[in-house]
Every structure is written in C-alpha cells, then in structure tokens.
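Participant: Here is how the chains run, residue by residue.
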Amino acid sequence: EPEVTQTPSHQVTQMGQEVILRCVPISNHLYFYWYRQILGQKVEFLVSFYNNEISEKSEIFDDQFSVERPDGSNFTLKIRSTKLEDSAMYFCASSEGGGVSYNEQFFGPGTRLTVL
Amino acid sequence: GNSVTQMEGPVTLSEEAFLTINCTYTATGYPSLFWYVQYPGEGLQLLLKATKADDKGSNKGFEATYRKETTSFHLEKGSVQVSDSAVYFCALILISGGYNKLIFGAGTRLAVHP
Numbered sequence: 001e002p003e004v005t006q007t008p009s010h011q012v013t014q015m016g017q018e019v020i021l022r023c024v025p026i027s028n029h030l031y032f033y034w035y036r037q038i039l040g041q042k043v044e045f046l047v048s049f050y051n052n053e054i055s056e057k058s059e060i061f062d063d064q065f066s067v068e069r070p071d072g073s074n075f076t077l078k079i080r081s082t083k084l085e086d087s088a089m090y091f092c093a094s095s096e097g098g099g100v101s102y103n104e105q106f107f108g109p110g111t112r113l114t115v116l
Numbered sequence: 001g002n003s004v005t006q007m008e009g010p011v012t013l014s015e016e017a018f019l020t021i022n023c024t025y026t027a028t029g030y031p032s033l034f035w036y037v038q039y040p041g042e043g044l045q046l047l048l049k050a051t052k053a054d055d056k057g058s059n060k061g062f063e064a065t066y067r068k069e070t071t072s073f074h075l076e077k078g079s080v081q082v083s084d085s086a087v088y089f090c091a092l093i094l095i096s097g098g099y100n101k102l103i104f105g106a107g108t109r110l111a112v113h114p
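Chains as they are written, first to last, in the numbering used here: chain A, 1 to 116; chain B, 1 to 114.
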C-alpha cells in the first residue's frame, strides 16, 4: 500500500542552524502539506502546496519557513534559523485532490525536531 | 472561526468497556469530519470519516455519526481493547479556495487496562 515517508525520523540541531525536513508523498498525489505538533499539544496546520506554489499558510509559517518540491518526488520543509520553540514533531501529508471528493490526507510518520 | 473541541483526557477504561469521546465543531460552511489516531511513537492514522450529515463512519469497531443539528461527531466503541490505547484526534476540513487544511482538536488520550 502506498505511503508517505519522511526523513530523518529524528533531527537534533543547535539554535540558529538551518534544517531541512524531507518527505516523499504518495506518487499520484498533487496536494502536499506540513503540520506540526509541539509535545503534548494539538496538531497545527503550517502550509499547503499545489502546482509548485504555496496554496495556504498559517501564521506560524513565517519568513523563517519555506517549502519546495525540488524534483518529482520530494517535498521539503526548510527552517532557516531554528529557535527553541521550533522543537516539535513535523508531519508531512499528501492528498490526491483538493476538492470535496479527494480531500483525504495521508500522513507520514513524522520527523521529531529537537532544537538545543 | 473554525474549531474543534474534544473532551479532555486522559480517559482510562478497563478492557471491554464502552468508549465515548465527545467532539463538537464550529465551522463556517459544510465540513467533512474525521477521527485520527496516534499510537505511541507513531504518526497520525485516519481512523474514520464522514463527509455529510447523518453519515456514519466506522472502522475497527469504532463508529462516529455526523450530527449537523448538534455539530457533533462523537467517537464510540462498544468494547475497547488494550491495543486501542492511543491519542484520538477529531478533525474537520473545509474547502478554502480548494486547498484543504485539517483543523484538529486537542486530542484525547485513551488508556485501556487489562
């Protein structure tokens, strides 16, 4: 069964460093998403991406964040200068479509980011 | 605004007990509703969904009915097992410009004891 994969599973970084989190969505999916979950809190939407551009972003997704689909398979989230409060589990998701009939999102296992 | 409210946990039950986790929503428009489950150390898995009023989603013995009149989507299971111990998230999705974003509740932790 197709699945969303994410690498690495755990990333430890120093405050101020850049990190890139990687995701491989399901191959025929066209819409891609990043969510994050700070430990013990709710899962929060960060950004959605379609047709090589951001469709929607939350207020969390400031200038320190960027997303990219560098090739036909990967979808990345970059944090330019990490802060302590960026420590969280980051989930990638993908969906086949964006309309009512195709809005099921499939989630990857997550990348746990720890900023020291 | 759009939001999801879940009953606070943790919920602690004995094996074979009946489970209800309450979920209510506020939405501008007509949402689709979901329950996701997160087992310890794992990511989010879709448990069940309902896309219109009075639909009942079901999976693995869990059920939830989309109640538009009470804006609710309560999760139920008749007989829980230890393996059901996890965090359960209620969520909704709205079509905003055709690009869907899931809005999650805070999650309810379920602990089932033998």
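To be clear, the hints were calculated from the coordinates, so they are not data collected in a lab.
Just so you know, even glycine gets a beta-carbon here, dropped at the ideal spot from N, CA and C.
A portion of the hints provided could be inaccurate.
Said to hold, decoys possible - Pairs of lysine to any residue residues, derived as SDA-like cross-links and limited to a Cα-Cα distance of at most 20 Å, are as follows:
hint : chain 1 : residue 1 : chain 2 : residue 2
1    : B       : LYS49     : A       : GLU96
2    : A       : LYS42     : B       : GLU69
3    : B       : LYS49     : A       : ILE60
What the hints assert, rightly or not - Quick partial rundown of chain A residues pointing at chain B, CB under 8 Å, derived from the structure:
hint : residue
4    : VAL43
5    : PHE45
6    : ASN52
7    : PRO70
8    : GLY72
9    : GLU96
10   : PHE107
11   : GLY108
Said to hold, decoys possible - Partial selection, computed: residues in chain B whose CB lies under 10 Å from chain A:
hint : residue
12   : VAL11
13   : PHE34
14   : TYR36
15   : GLU42
16   : GLY43
17   : LYS49
18   : GLY61
19   : SER85
20   : ALA86
21   : PHE89
22   : ILE93
23   : LYS101
24   : LEU102
25   : LEU110
Participant: Run the structure past the numbered hints and jot down the numbers of the failing ones, going up.
Facilitator: 2, 3, 6, 7, 8, 9, 12, 18, 19, 20 and 25
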